[in-house]
Amino acid sequence: MAEKELNSDDFIKHHLQNLTFGQCSDGKWRFADGHINIGTDQKAHQETKEYTCNPKEMGFNAIHIDTMAMSLLLGGLFCFLFWSVARKASVTNPSKLQNAVEYAFDFVRTGVSDIFVPKGNKIIGPLALTTIAWVLLMNLMDLLPVDLIPWIANGFQSSTEYGWVHYFKVLPVADINAPAGMALGVAILIHYYSIKEKGVGGFISELTLQPLGKWAIPFNMIVEIPGFYAKQAALALRLYGNLFAGEMIFILIACLYIYSGELFQAGILSQSIMWGIVGILLQILWAVFHILIIALQAYVFMILTVVFLNQAHETHH
Amino acid sequence: MNFNFTLVGQLLAFILFVWFCMKYVWPPMLKILEEREKEIADGLNAASEGRRELEEASVRKEEILGEAKKEAADLVGQANQRANQLVEEAKTNAQEEAEKIKVSAQNDIEQSAKRAREELRSEVATLAIAGAEKILNSEIDEKKNSELIEELTKEL
Numbered sequence: 001m002a003e004k005e006l007n008s009d010d011f012i013k014h015h016l017q018n019l020t021f022g023q024c025s026d027g028k029w030r031f032a033d034g035h036i037n038i039g040t041d042q043k044a045h046q047e048t049k050e051y052t053c054n055p056k057e058m059g060f061n062a063i064h065i066d067t068m069a070m071s072l073l074l075g076g077l078f079c080f081l082f083w084s085v086a087r088k089a090s091v092t093n094p095s096k097l098q099n100a101v102e103y104a105f106d107f108v109r110t111g112v113s114d115i116f117v118p119k120g121n122k123i124i125g126p127l128a129l130t131t132i133a134w135v136l137l138m139n140l141m142d143l144l145p146v147d148l149i150p151w152i153a154n155g156f157q158s159s160t161e162y163g164w165v166h167y168f169k170v171l172p173v174a175d176i177n178a179p180a181g182m183a184l185g186v187a188i189l190i191h192y193y194s195i196k197e198k199g200v201g202g203f204i205s206e207l208t209l210q211p212l213g214k215w216a217i218p219f220n221m222i223v224e225i226p227g228f229y230a231k232q233a234a235l236a237l238r239l240y241g242n243l244f245a246g247e248m249i250f251i252l253i254a255c256l257y258i259y260s261g262e263l264f265q266a267g268i269l270s271q272s273i274m275w276g277i278v279g280i281l282l283q284i285l286w287a288v289f290h291i292l293i294i295a296l297q298a299y300v301f302m303i304l305t306v307v308f309l310n311q312a313h314e315t316h317h
Numbered sequence: 001m002n003f004n005f006t007l008v009g010q011l012l013a014f015i016l017f018v019w020f021c022m023k024y025v026w027p028p029m030l031k032i033l034e035e036r037e038k039e040i041a042d043g044l045n046a047a048s049e050g051r052r053e054l055e056e057a058s059v060r061k062e063e064i065l066g067e068a069k070k071e072a073a074d075l076v077g078q079a080n081q082r083a084n085q086l087v088e089e090a091k092t093n094a095q096e097e098a099e100k101i102k103v104s105a106q107n108d109i110e111q112s113a114k115r116a117r118e119e120l121r122s123e124v125a126t127l128a129i130a131g132a133e134k135i136l137n138s139e140i141d142e143k144k145n146s147e148l149i150e151e152l153t154k155e156l
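Chains as they are written, first to last, in the numbering used here: chain A, 1 to 317; chain B, 1 to 156.
No lab work stands behind these hints: they were computed from the structure.
Where a beta carbon is used, it is the ideal one built from N, C-alpha and C, also for glycine.
There may be inaccurate statements among the hints.
Pairwise CB distance ranges (calculated) [as the list claims (entries may be wrong)]: (1) B:GLU62 to A:LYS96: 57 to 63 Å; (2) B:LEU44 to A:GLU197: 48 to 54 Å; (3) B:ILE64 to A:PRO118: 55 to 61 Å; (4) A:LEU77 to B:SER48: 20 to 26 Å; (5) A:ASP106 to B:GLU63: 43 to 49 Å; (6) B:LEU44 to A:PHE107: 19 to 25 Å; (7) A:GLU197 to B:GLU49: 21 to 27 Å; (8) A:LEU144 to B:LEU12: 21 to 27 Å; (9) B:LEU12 to A:GLY261: 40 to 46 Å; (10) B:ILE40 to A:PRO118: 51 to 57 Å; (11) A:LYS96 to B:GLU67: 52 to 58 Å; (12) B:GLU49 to A:GLN210: 35 to 41 Å; (13) A:LYS96 to B:GLU71: 32 to 38 Å; (14) B:ILE40 to A:LEU144: 21 to 27 Å.
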């Protein structure tokens, strides 16, 4: 290990790589192994040219195991927690956990009823609750140190050895697929309600006959259709962008530790300690600041989901 | 930004969680909150009902208390009246009794006096006769004398 060259460029690229399972260029399905490895291991590996499976070559036939595992775990946690409370909930003598869950529930319920005008919709409430809870839990993963899960999976030791658990992005929302998957679900609902409330004709005319009337249909389409789909895409991109940027800063801060380690190995102890402390302070500072973004983005995602679905019900325009 | 099958997986996971939440989380939670709201509303109603009843009861209490006071005052008044009446009656009775006793005493006195006068008179008559016998010590027309003495006796 002493000979490894830790390169911050490699380190960053390494941490932006998901744990990918997919169809390799030879047509077989396995874990991608063409990742960016770190240090001398990478060079050794490249020389042997053992790997034939680069995630970039997989295209759509691949799945991010880390994203799926973390999001299913967290979504399952949310469902289990709320389900177990709802199952044994008491009207007159609530437990402390029930109070907390009820508070969250009521927060969402009031938020939805303030924005969402149509009455008797059975999907909007659970949808809003699921989005805010799930996104919040996934966002919170941002606060876990970037190398924690690989470190645990590696038997509680740092390793630059070649291995697939080495790549594990613990923050599912920093993978565009997670926010995009949710936004896609919301987009499906937007289309469903638009057509249900206004009819196919009404939905199409909303995108073509305004703002300028039927003599300017091409212009109207240029104005309305991108606007209509941009807001749905932006729903995903906003969340992805915010959390990806936050994760990026954490990775950059983690680079300070590498620098500190290099100084330590070079025997410059005082500077090594100094950069280590700077890294810790920056990480704490950024984490504190980032808590705001974590909660805010979850809230924004929920509110926008409700707003868009409310717009889908509005017939006037 | 590399889209792949994860997108579909995430969409399915999202649908699964929303469905679960819709079926097993939202309805029971909503039910609990609505029941609690009802419970609280009922409680508040019961409280205001209780307050109203309390007010009524306190008004009623004042009424009963007033009535009782009035009744008590009446009773005391009646009792006083009756006592006065009794005292008056007793006084009248006593006066009558006293009067009676006085009258009978006067009668007794009068009778005693009368008797005494009779006795005295007869004794004086005897004494006079004896005196006269002694003074005269002679023949005396007893018939004439006794007429005289009769006269004397009547004059006494």
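Hints, one by one, checked against the model:
no., hint, verdict
1, B:GLU62 to A:LYS96: 57 to 63 Å, "violated, 48 Å"
2, B:LEU44 to A:GLU197: 48 to 54 Å, "violated, 39 Å"
3, B:ILE64 to A:PRO118: 55 to 61 Å, "holds, 59 Å"
4, A:LEU77 to B:SER48: 20 to 26 Å, "violated, 44 Å"
5, A:ASP106 to B:GLU63: 43 to 49 Å, "holds, 48 Å"
6, B:LEU44 to A:PHE107: 19 to 25 Å, "holds, 24 Å"
7, A:GLU197 to B:GLU49: 21 to 27 Å, "violated, 45 Å"
8, A:LEU144 to B:LEU12: 21 to 27 Å, "holds, 25 Å"
9, B:LEU12 to A:GLY261: 40 to 46 Å, "holds, 42 Å"
10, B:ILE40 to A:PRO118: 51 to 57 Å, "violated, 28 Å"
11, A:LYS96 to B:GLU67: 52 to 58 Å, "holds, 55 Å"
12, B:GLU49 to A:GLN210: 35 to 41 Å, "violated, 57 Å"
13, A:LYS96 to B:GLU71: 32 to 38 Å, "violated, 60 Å"
14, B:ILE40 to A:LEU144: 21 to 27 Å, "violated, 41 Å"
Consistency with the previously given hints fails for numbers 1, 2, 4, 7, 10, 12, 13 and 14, ordered from lowest to highest.
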